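> Residues per chain, in single letters:
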Amino acid sequence: MQDSMQYLKAKATVATRQKGHRAHIGSWLGLTVALCLLIYYLIVFVVPFSIAVWLSFHNWDFIVDPKFVGLRNYQRMFNDGYFWQAVRVTVTFSAVEISIAIAIGLVLAFLLSRLRGIAQRSILALFYLPVIIPSVVSVLLWRWLYISNGGAFNVLLTSLGLPPQPFLLSSEQALYCIIVMVIWTFLGSVMVLFLAGINEIPEHLIEAAMLDGAGLWRQFWYIILPLLRPVIVYQVVVSVIGTFQLFEQFVFLSGPGFSTRTLAVYTYQLGFQSLDLGYGAAVSMFIFVALLIATAVQLRRLHATFEY
Amino acid sequence: MLIMNSSLSILAVVRKRYGIHLSQMIIFVVLIALAMLMAYPFLWLIFSSFKTAKDIVTLPVQLMPREWTLESFRRVLAAPDLPRAYFNSLGLSFIIVALVLATSSLGGYVFARLRFPGREMMFLMILSTTMVPFITLLIPLYLVMQRFGLLNSYMAIIIPSAVTSFGIFLCRQFISVIPRDLYEAAKMDGCGDFAIYLRIILPLTKPVLAALAIFTFLGSFNAYLWPLVVLNDKHLFTLPIALTKLLSTYGVTNYDLIMPASLLACLPPVIVFLVFQRNFVQGIALSGIRG
Chain A
1 MQDSMQYLKA KATVATRQKG HRAHIGSWLG LTVALCLLIY YLIVFVVPFS
51 IAVWLSFHNW DFIVDPKFVG LRNYQRMFND GYFWQAVRVT VTFSAVEISI
101 AIAIGLVLAF LLSRLRGIAQ RSILALFYLP VIIPSVVSVL LWRWLYISNG
151 GAFNVLLTSL GLPPQPFLLS SEQALYCIIV MVIWTFLGSV MVLFLAGINE
201 IPEHLIEAAM LDGAGLWRQF WYIILPLLRP VIVYQVVVSV IGTFQLFEQF
251 VFLSGPGFST RTLAVYTYQL GFQSLDLGYG AAVSMFIFVA LLIATAVQLR
301 RLHATFEY
Chain B
309 MLIMNSSLSI LAVVRKRYGI HLSQMIIFVV LIALAMLMAY PFLWLIFSSF
359 KTAKDIVTLP VQLMPREWTL ESFRRVLAAP DLPRAYFNSL GLSFIIVALV
409 LATSSLGGYV FARLRFPGRE MMFLMILSTT MVPFITLLIP LYLVMQRFGL
459 LNSYMAIIIP SAVTSFGIFL CRQFISVIPR DLYEAAKMDG CGDFAIYLRI
509 ILPLTKPVLA ALAIFTFLGS FNAYLWPLVV LNDKHLFTLP IALTKLLSTY
559 GVTNYDLIMP ASLLACLPPV IVFLVFQRNF VQGIALSGIR G
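As they're listed, the protein sequences go chains A and B. For the first sequence, the working numbering gives the first residue as 1, with consecutive numbering after it. For the second sequence, the working numbering gives the first residue as 309, with consecutive numbering after it.
Any given hint could be a false lead.
[Unchecked claim] Each pair of labels, with its calculated beta carbon distance range: (1) Arg-507/B / Val-64/A: 51 to 61 Å; (2) Ser-171/A / Val-485/B: 48 to 58 Å; (3) Val-297/A / Arg-488/B: 14 to 24 Å; (4) Val-338/B / Ser-171/A: 51 to 61 Å; (5) Asp-489/B / Asn-199/A: 43 to 53 Å; (6) Ser-436/B / Val-107/A: 32 to 42 Å; (7) Val-578/B / Asp-65/A: 46 to 56 Å; (8) Gly-457/B / His-303/A: 15 to 25 Å; (9) Trp-217/A / Phe-502/B: 24 to 34 Å.
Quick caveat, the hints were computed from the structure, so don't treat them as lab data. On a predicted model such as this, the values are computed, not experimentally measured, just so you know. Here a beta-carbon is modelled for each residue, glycine too, at the ideal position from N, C-alpha and C.
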C-alpha cells in the first residue's frame, strides 16, 4: 500500500517536473500576448473579412433580412456600366499617377543625392511637407485653387497670357487635375525612398564612372537606374495598393458625373448611401483580388529580373 | 567679360574652400526652384489665412492680403465645433500612438525572442492581414462595431487602430537583431520575460518606436474615411471631418473659415515632422511606407 502510494507520489513528481519542464519550453508571456493578438485579429479582421465574403453572396439593405443570391452580385458587377467606368477611372488614375510620380521622383532623388548636409535636408523637407499635412487640408486647398471662375490657378494662367481652364468642371480634365494633386502630395515620399536606395549604392561605382567621363545623365541611366530596380518595383507595388484606396481626393475634387468615381468611392457609396451592402461587398472583394493579383505579378517580375 | 571672369573666380574659391562643385550648385538652384513650386499651394493657404473674411471669398483671388489681420483665427476659435474637433483629434491621436507603441513593441518582442508553440504560424497569420485592403473591410467592420454598440463613440476609432501588424513586424525585425546574449544574461540573473521587455528590450527599441510613433500620429491625426463612417455626433468629430463639414453646409463661401482652420490643422503634423526629422528619414528607409 505504502509502496504504491510512494509510487504514485513519485509519478506525480515526475509529472509535475515534466509539466514544469514543458512550461520552461514555452514562455507564458509569449503565449498570452500571442493569443490576445489572435483574438484581437479575429474580431477586427477575420470576422469582418468573412462577413465581406458572406455579404457578397447576399442582398441586404440594412432593413429586411439578408437574402442569399449566390453569384448574382458578381454577375451584376460584370454587366454594370458604372462598375466598369469605376474600373477605368481607377486603373487610368493609378497608371498615370504612378508612372509620372516615379519618373519625376527618381530624377529628383538622384539630383538630391548629389547634394549633402543641410542643402539636401532642407530641400527634402520642402518636398515632404505635402505628405505630412492632413489629406483633407490639401484636398480642400486644391479644390479652392482649381476654382475655374477666378481661382488661383486660372489667375496664374491668365497672368502668363494663357487661356483659363475649366479644371474640375470638365470631365476630361478633372481626373488629371486629381492626378497632379496626388503627385504633388506623394512626390516627397517617393523621393525619400529612392534617396535611401541611392545611398545604398556604393559610392565607388559612381566615382569610377565619373573618372571614365560619364556625366550626370549617364551615371543616372547606366548605374543608378539598373541598381534601383528592386526599389522601383517595390514603390510600384506600394503605390498601386495606395492609389486604389485613395478616397477624399476623389470625393472633394470630383469631376462632373462619374468621370472621377473610383472603385473605392463606388464601394463607399454602395455601402453607405445606396445601402446596397451585398453588392458593395462584391465590389470591395474585386478590389481585394485585383490588388492581390497586381502585387503577385509585380513581385514575380522582380524575381525574374534577379535571375539573370 | 570681367563679370564672368570674377564670377568664375568666385566659383573657384567656393569650390576650393567648401568642396562644392559647379554642378552641385546648378542642381541646388534647380531643386530649390522646384521646391518653391511645391510650396506654391501653401503660400495661398498661409496668405489667405491672414486676409479678412471678405477678402478670402472674393473672386478672382489675390495672393497677398489687401489688409493683414488675425481676425480669421479669432473666427476659428469662436466657431462652435472647430476647437473641440482640434482637441478630439489630438487626444485620439495620442491615445492611439500610445497603444500602438505598446502593442507593437510587446508583440515584436514576443515574436522575436520568446518561444512558445505555434509562434511562427501565429506571426504569419498576423502578417497575412496586411494583404487585405482597408476598403474591403470598411462595410463589415462597420457592422461589427454596430453589433458591439460602439458606433458613434471613440472606441470605434481607437479599437481598430490600437494594433497594427506593420508595427509588430517592424519591431520584430528590429528586436531580432539585438544580440541574444543580452537576453540570455538577464535570464540567468533571474529576470522574467516581462522584466526583460521593460528593462532591456524597450530602451533598445527607442529609434524604431520613434519612427513608428511619428507615422502612427500622422496616420490617425489625418484619417478621414473611417471616422467619417463611424461618427455622427458633431461633438465627437475629428478635425478632418469637421473641416469637410464646413464645406458641405455652407458651400464655397465658407472658405473664410476653412483657410485659417486648415492652416492650424497643419501645425501638429509639421511640428512633429520638424522635431523628429531625423527619425523620419530613418523610419522611411526602415520601412519604405508611402505617406
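> Could you run down the list of hints and mark each one as holding or not?
Verification of the supplied hints:
no., hint, verdict
1, Arg-507/B / Val-64/A: 51 to 61 Å, "holds (58 Å)"
2, Ser-171/A / Val-485/B: 48 to 58 Å, "holds (53 Å)"
3, Val-297/A / Arg-488/B: 14 to 24 Å, "violated (39 Å)"
4, Val-338/B / Ser-171/A: 51 to 61 Å, "violated (35 Å)"
5, Asp-489/B / Asn-199/A: 43 to 53 Å, "violated (31 Å)"
6, Ser-436/B / Val-107/A: 32 to 42 Å, "holds (36 Å)"
7, Val-578/B / Asp-65/A: 46 to 56 Å, "holds (50 Å)"
8, Gly-457/B / His-303/A: 15 to 25 Å, "violated (48 Å)"
9, Trp-217/A / Phe-502/B: 24 to 34 Å, "violated (57 Å)"
Hint compliance for this structure: hints 3, 4, 5, 8, 9 are not met, and every other hint is.
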